[in-house]
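Asker: Here is what each chain is made of, one letter per residue.
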Amino acid sequence: MRAPLPPLLIAIALITIALATSQPLIVGAAFVGALLLHHAAPPPHRLMLRVALVSALFILILNPFVAVEGDHVLFAGPHFLLFDFEVTSEELLYGLVAGLRLATAILATSAFLRLADPDRTQALASRLVPRSALTVALSARLAPTLRRDATGLGEALRLRGSGPERGRRAAIRQGAVLIEPLVASSLERGVDISEAMVARGYGGGTMTRLPEPAPTRDERIGLAVGAIGCVLGIALIAGLAPYVIYPLADPLLSTSGLALAGAVLLLSIVGAGALRWRA
Amino acid sequence: MSAIAIEQLRYRYDATSPWALAGASLTVEPGEIVLLQGASGSGKSTLLRVLAGLAPAFHGGEAGGTGSIGGRDLRTSSPAELAQHVGFLFQDPETQAVMAEPVRDVAFSLQCHGLPADDILPAARAALARIQSEHLAGRRIDQLSSGERQRVALAAVLAPEPAVLLLDEPTAQLDDDTACELVGELRRLADAGLAILIAEHRHDRVGHLTDRVLGMHNGALCEPATHPALPPLAAAAATGPALLQLSGVSATRGERAVLDGATAALPAGGVAALIGRNGGGKSTLLRTLAGLEPVAAGRIEIDGRDVTALATEQRVPTVAFVPQDPGRHLICETVRDEVLLGPTLLGRDHGPAHRAIVELDLELLLDRNPRDCSVGERERIAIAAALALDPRVLLLDEPTRGMDPAHRAALVTTIRAHAARGGCAVLATHDLELARACADQRWELDAGALTARGIA
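Quick mapping for you: the protein sequence lines, in order, are chains B and P. Taking this note's numbering as reference, the numbering of the first sequence is continuous, increasing by one, and the terminal residue is 641. Taking this note's numbering as reference, the numbering of the second sequence is continuous, increasing by one, and the terminal residue is 481.
To be clear, the hints were calculated from the coordinates, so they are not data collected in a lab. Take the hints with a grain of salt, since some may be wrong.
What the hints assert, rightly or not - Beta-carbon label-pair distances, calculated as ranges:
1. P:A322 x B:H407: 27 to 33 Å
2. B:G567 x P:A336: 49 to 55 Å
3. B:I541 x P:E388: 26 to 32 Å
4. P:A336 x B:V430: 18 to 24 Å
5. P:E388 x B:H407: 55 to 61 Å
6. P:A322 x B:T568: 22 to 28 Å
7. P:G218 x B:R638: 34 to 40 Å
8. P:R165 x B:R412: 24 to 30 Å
9. B:L415 x P:E186: 50 to 56 Å
As the list claims (entries may be wrong) - One-sided excerpt, in silico: chain P residues whose CB lies under 8 Å from chain B:
10. F115
11. L140
12. I145
Each residue gets a CB set at the ideal place from its N, CA and C atoms; glycine is no exception.
So here's chain B without its partners, still in its complex pose (with noise of 0.2 Å):
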């Protein structure tokens, strides 16, 4: 496991750009290294991209239902009570940039959560909110929490005779069956980890820092390509390589868009081959 900076700045890095601009090519960048993020993360994978692809997908098929903007007008629909059957290329270019916001977004915060070691997030985090125990335990153990507890709920359903449902259907119907549970026992044990660690003295206002090892070379590596990205996505913010997209697209294919999109992918590569979980 990973000290938590390096995938915490490359994750917050390849937000914040995906956020900070609507040029589909460096958006698609973005995600592109989210997924390299994901790939370099300890399994499972497949859970996860699946959430993140069906929330793009969704997101991309729905915009051009509720948006009522754009030029180019694709397919002329009626319009009946909150949708818009009127299809226009503007608003399925800002869905797709929409969806894959928020693809880059689970991606890369499921990516940071398994590849930084829990204890030292836990350091991390208590440095930020020194006093509120709940805020630290449910930041850096929620996760891990959710997995085992799911993985405890779905033992149970099989000893009562339940086993994995075949077809997709019937897969969701019975993973809808677990959510309720799955949530209460997650906070609960949330909740059942700040008592703990109120209970051990956290939040007096005396804890001592323990000290934190060197961080290896590709930490190094994972850390600069954080920072960079981070500065690059505080310049989309400011307005560099600006885009928009209604009521008329930008042209896709820029110079600036190229290059930034090409210096996402390029610093998304070097952090994510740095960052890489070994067996």
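Given chain B, put chain P in place with the hints provided.
Answerer: This is chain P only, laid out in the frame that chain B set:
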């Protein structure tokens, strides 16, 4: 000055619920060990939480009366302030690990006490060594058995050397040797001036080293009730063809080999007590029998049928398994639904479920949310849910966790009744009295090797 002094202490979790503590008064002097006994839900854990400052500060609710612990006023001190003087061990070892590695988890307590950074890791290792657990230092907590986790939790509580110790069922998950060593260590600490308040159902393990025993009933302290020891099993050992047969079963957990060619047979009507040290592979053996862990080699047969390759759900309802941490396996919103879930999913008769509800004294809990129940109550709910499937082979992992003596006796009757109906049961337990009361076979697991013999 008394280490603990409370006067008419009252507490309830919200303004509409009954008082969980109803005017408790108690003093504990430095150097004294006081044992608290009482039925599940009588208020023992609540009293310890109030003394640690966690209730009402962490849980909310309403409190009254006066009290001090380690010289600090309970009404004006925060839990973190009290923690500088008070060590608190929770009932459930699954929920109190703060870090992922044992050394770091113990070190966390020392960090919170402001120990100099250079001293922390050596002190954490020394605390683990104090309860013979230094070998756990490099492992990951989520891969430890419950007993091993309890050792780590104990080390984390003892490491900062508090003036007062509050321990909620400290030996429940420990094997006999470790429990004996722990109790001896507690006595040494008390002799050095520590005040210790222990809530524990296992009087046989800690009673001989305590200075006083107090009972608890409906949130008030009282004279302790006496419970006779469980009588040893009078019936002859079951004989006949094997209902459950293990032939050379090997299994691994992660990359560790934990079972090596286990061979044993249990006839209908038989009950086997699976005994072994913490982390010895008892849970892995039961999980393997239930189909939750793959068999690396060997064969498992039930009633002459090879089930080795069958998935868990295909072994149900013939096999029913109650894992060690049933709180992690609760699905439904009421106890009734939880117990009936299995037979409902399988379209089976609800008769065995209703019988289990009566046998395990769950009638008054049926409309409650199982998450609101105590550890012992959750254990009974999980066992009833397993019995509701009317299984032939019942597998129970540490079934007496958090269970008071009356319900422990009821559990013996329930297990024997299951055996008398033609079933068999395997119980992984450190409770040798329970083993003698209901098992006719003793399966000893040591370093992956299983030895089966009759109970003398």
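Asker: So which hints don't hold here, by number, going up?
Answerer: Those not satisfied are hints 4, 5, 6 and 7.
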